[in-house]
Each structure stands twice: as structure tokens, then as C-alpha cells.
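Numbering (this note's numbering) for the sequence shown: 1 to 181.
Hints were generated in silico from the structure; no laboratory data involved.
Straight-line distance between alpha carbons at most 25 Å, and here's what the computed SDA-like set of lysine to any residue pairs gives:
(1) Lys131 - Ala52
(2) Lys131 - Glu105
(3) Lys47 - Asn29
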Amino acid sequence: MAYVMALQQGWPTDDLKFKINNDIRGLINSVNDGSTSAFMWEWFTTKPFVDAGEVKFVSVIGSVPTPWPSWLIAAHPSPTRAPVDEVRQFLENLTTYVRAFDSAESRASSNVEYIKKHFGYPSEDIEAWLKTVAYPQSCLQISQEVITDTLNVLEKAGVVRMPEGGFAIESFVNTDIAQLA
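Using the sequences provided together with the hints, build the complete structure.
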């Protein structure tokens with residue numbers, strides 16, 4: 001996300017340096033002791049630590065939306081590690097649960113109660129978070145635009161190199177499992 005923010009702001013990306021802090025606790029400790037000057041993490045995940053006074057942010061710089069969806073499933077291309085029929089069945093089942101979770105009724109009641117009970121977030125934070133989250137209607141589809149936009153950002157950030165002739169978008173999706181939309 002630091003690359004994404006740098007690209008969005010027009011900052012150079014060739015000299016970015018990162019410290020690995022492992023998890024949210026490592027990030028909090030390093031911000032508090034001054035060894036990390038900034039970090040990027042999903043706001044509602046971080047908020048309980050801020051509310052409890054466990055992390056001392058000097059300022060919050062704002063929102064850096066990703067150019068890709070938050071909810072995607074990636075599987076190893078080997079059919080022995082990720083058998084096609086099993087991955088397809090998993091995604092079909094997941095679609096059923098995602099649609100149920102994403103329903104207006106669930107967003108207004110059972111989702112809030114579930115998240116509150118299992119993760120301890122206050123209702124107002126859960127309701128605010130749910131307003132910002134979108135889910136796919138089918139886990140068996142991905143748009144070509146998502147793949148293209150993601151590859152463009154990753155290329156600009158120096159994470160991937162475009163092959164001569166460009167990326168073959170269809171090579172990033174096993175069409176025996178999912179379809180490009």
C-alpha cells in the first residue's frame with residue numbers, strides 16, 4: 001500500500017524502505033517506540049487499539065483506497081495443490097455465504113451481533129465499517145479491469161515486469177474454475 005500511496009501522490013518509489021514488524025502488535029510497539037515513523041493498516045482493525053490508548057498516532061494521513069477489491073481468493077496453479085473441482089466447489093459455497101452475509105437484513109442485524117460477539121467491536125464501528133465494504137456477487141468471476149489495474153500498479157511499483165507484448169490477462173485466471181468478466 002505504500003507503493004500505491006506513493007503512486008497516487010506522485011512520489012518516487014525507487015527508494016522506499018520498509019521495516020518488517022510482523023503483526024499489528026509489532027507495528028504498534030514500533031510506532032510507540034519511534035522505530036517506525038508510519039504504517040498503513042485498515043482503519044477499523046486499528047481503531048480499537050487507538051480507542052484503548054495503546055498506540056500513539058501523531059496524525060492520521062487519510063485513506064488510501066486500493067485499486068483492487070479487498071476480497072479475492074488466490075489459489076496455487078498446481079492441480080495437485082489446488083484441485084480444480086475442489087476450488088470451484090469452495091468458491092460456489094463461499095458465494096452462498098457471501099451473499100447471505102451481504103444481505104441488507106444481515107448487515108443490519110446478525111452481522112453486527114456476530115462481529116460484536118467474536119471480535120469485541122462496538123456496534124457503531126461495525127455499522128460504519130459495513131457501510132464501506134463491498135462483496136462480490138459471485139466468487140467465480142473476476143473482472144479483467146481488476147487484473148489489469150492491479151498489474152499496472154504492481155508494474156509501476158517495480159514489483160512485476162511487463163513481458164514483451166504485454167500481460168496475457170487470461171493467464172491469471174484458471175477459466176476451468178472462474179470466469180473473466
